[in-house]
Amino acid sequence: MKYENGKDIFPDDLLCRIQKYISGTFVYIPSAGKKRAWGETSGYKQYLADRNHDIKTKFHAGAGIEILADEYHLSCDTIKKIVYSKKEELSMQYSCSLTSAKNYAKHGKLEEWVHQYLQSDGHNKDFSDGLKLFDRYYIGPINMPLSLFTRCCGPEENMKWRIESKWFEHHVSKLEEVIRREKDMPPLIVHYFIDEDNKDGAFELNDGNHRLEAYSRLGIKGYDVIVWITEKNEYDLFLSKYEKYI
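Per this note's numbering, the sequence shown starts with residue 6, numbered consecutively.
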């Protein structure tokens, strides 16, 4: 994201009206589009659903109201409302697999799967935190040709994230063994964007660089990916070009 001088963007009369409210500081103007429901971006709704599920499970296993209230720092009345509620809470069962990601997506919880994956099996909490800074579009998992994607991580000199060759080869060879026997691998995660150098849109592979290399060596032509997009115009362009895969 880059900063722009308001004098170069807004008409003089509009700039004068804005300066009545704020002047001489930075203001974030969110992109147009559908506003997310409360808790969707942060994952807090899913946290509450999982917490309530745990409380109900422990209660039915014999834990008392007062014990649960102390453990979860809630009042006894709140615990009672949770354990005696007739309403079924949607609590997805996360696993590091394509099946799990598809199940989350089926229930409108794909974003939650992405963050659970990145903060556990994906070992990339910083990426998860960065995604949460703004509302994003999440599409998938969808099966796409792997030829559309290029590694940005590896031992080659042109890699954005360069790693030691011996470790890269070891990791890829181990993944080849896993892929041969395990068909339920997690989806790749890719970013679709438009910038000055890629006005027709481009992909950046954020998670799954070693897997992409392993798939290539095994002759696998396509696999499921999760695509995340920030801007509405980027989302519209992606749909116009790749809708056949959705």
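Source of the hints: derived by calculation from the structure; they are not laboratory data.
Here a beta-carbon is modelled for each residue, glycine too, at the ideal position from N, C-alpha and C.
Careful, some of the hints might be misleading.
[Stated by the list, open to error] Heads up, simulated DSSO-like pairs for lysine-lysine below, C-alpha to C-alpha not over 27 Å straight-line:
| id | residue 1 | residue 2 |
| --- | --- | --- |
| 1 | Lys171 | Lys107 |
| 2 | Lys249 | Lys111 |
| 3 | Lys111 | Lys226 |
[Said to hold, decoys possible] Derived Cβ-Cβ restraints for the label pairs, each shown as a range:
| id | residue 1 | residue 2 | range |
| --- | --- | --- | --- |
| 4 | Leu244 | Asp202 | 41 to 47 Å |
| 5 | Leu153 | His78 | 46 to 52 Å |
| 6 | Ser80 | Asp202 | 54 to 60 Å |
| 7 | Arg185 | Leu138 | 34 to 40 Å |
| 8 | Lys179 | Glu76 | 38 to 44 Å |
| 9 | Thr155 | Lys130 | 53 to 59 Å |
These are the hints, each one checked on the structure:
1. Distance hint between lysine 171 and lysine 107 is unfulfilled; the C-alpha atoms sit about 34 Å from each other, more than 27 Å.
2. Restraint check for lysine 249 and lysine 111: the C-alpha separation of about 19 Å stays at or below 27 Å, so the hint holds.
3. Distance check on the hinted pair: lysine 111 and lysine 226 sit about 25 Å apart at the alpha-carbon level, within 27 Å; holds.
4. Judged by the Cβ atoms, the range 41 to 47 Å given for leucine 244 and aspartate 202 is violated: they are separated by roughly 22 Å.
5. Between leucine 153 and histidine 78, the C-beta spacing of about 48 Å keeps the proposed range 46 to 52 Å intact.
6. Restraint check, serine 80 to aspartate 202: a C-beta distance of roughly 56 Å satisfies the suggested window 54 to 60 Å.
7. Judged by the Cβ atoms, the range 34 to 40 Å given for arginine 185 and leucine 138 holds: they are separated by roughly 38 Å.
8. Hint check: lysine 179 to glutamate 76, Cβ distance near 40 Å, so the stated range 38 to 44 Å holds.
9. A hinted range of 53 to 59 Å is violated for the C-beta pair threonine 155 and lysine 130, which are about 25 Å apart.
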